[in-house]
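Using the sequences provided together with the hints, build the complete structure.
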Amino acid sequence: MTGSSIHAVQFTHVSRHFGEVRAVDDVSMAVRDGEFFTMLGPSGSGKTTCLRLIAGFEQPSTGSIQLHGAEAAGLPPYERDVNTVFQDYALFPHMTVGENVAYGLMIKKVPKAERQRRADEML
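Numbering (our numbering) for the sequence shown: 1448 to 1570.
Take these hints with a grain of salt, some might be off.
[As the list claims (entries may be wrong)] Restraint ranges, calculated between C-beta atoms of paired labels, are given here:
#, residue 1, residue 2, range
1, 1466, 1545, 33 to 41 Å
2, 1479, 1557, 19 to 27 Å
3, 1516, 1466, 27 to 35 Å
4, 1469, 1558, 24 to 32 Å
The hints are simulated quantities; they were obtained by calculation from the structure and are not laboratory data. Using N, Cα and C, we set each Cβ at its ideal position, and we do this for glycine too.
Encoded structure:
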């Protein structure tokens, strides 16, 4: 760890409401760069909504989301340096799990050997 106070992802009092439903309610958390972070909870507890907020597919109703120290409000998904792996592991059913995991790196033109190494490390 570098000791830097800037986090890769930081939620500060983030809420996301869909009408009367509070999918995410006043969540504050910080994830350091390179840290392995897991969200556990029952169905409907807001895990997927949090991931969608990080990716920019949803916008918070209240609160602040920062990516590497910069406010992410209004930043479209394609301008965020984050990758999304959907819950259905067979995003591309004609590809192996490893190829699905490495897909985002391929799009970013990471060399094949590095993609393979990083995908293997995650699996």
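Each hint tested on the structure:
A hinted range of 33 to 41 Å for the beta carbons of residue 1466 and residue 1545 is consistent with their spacing of about 40 Å. The hint said 19 to 27 Å for the Cβ distance between residue 1479 and residue 1557, and at roughly 22 Å that hint holds. A hinted range of 27 to 35 Å holds for the C-beta pair residue 1516 and residue 1466, which are about 33 Å apart. For residue 1469 paired with residue 1558, a C-beta distance near 44 Å fails the hint of 24 to 32 Å.
Hint check: a violation occurs at hint 4 only; the rest are consistent with the structure.
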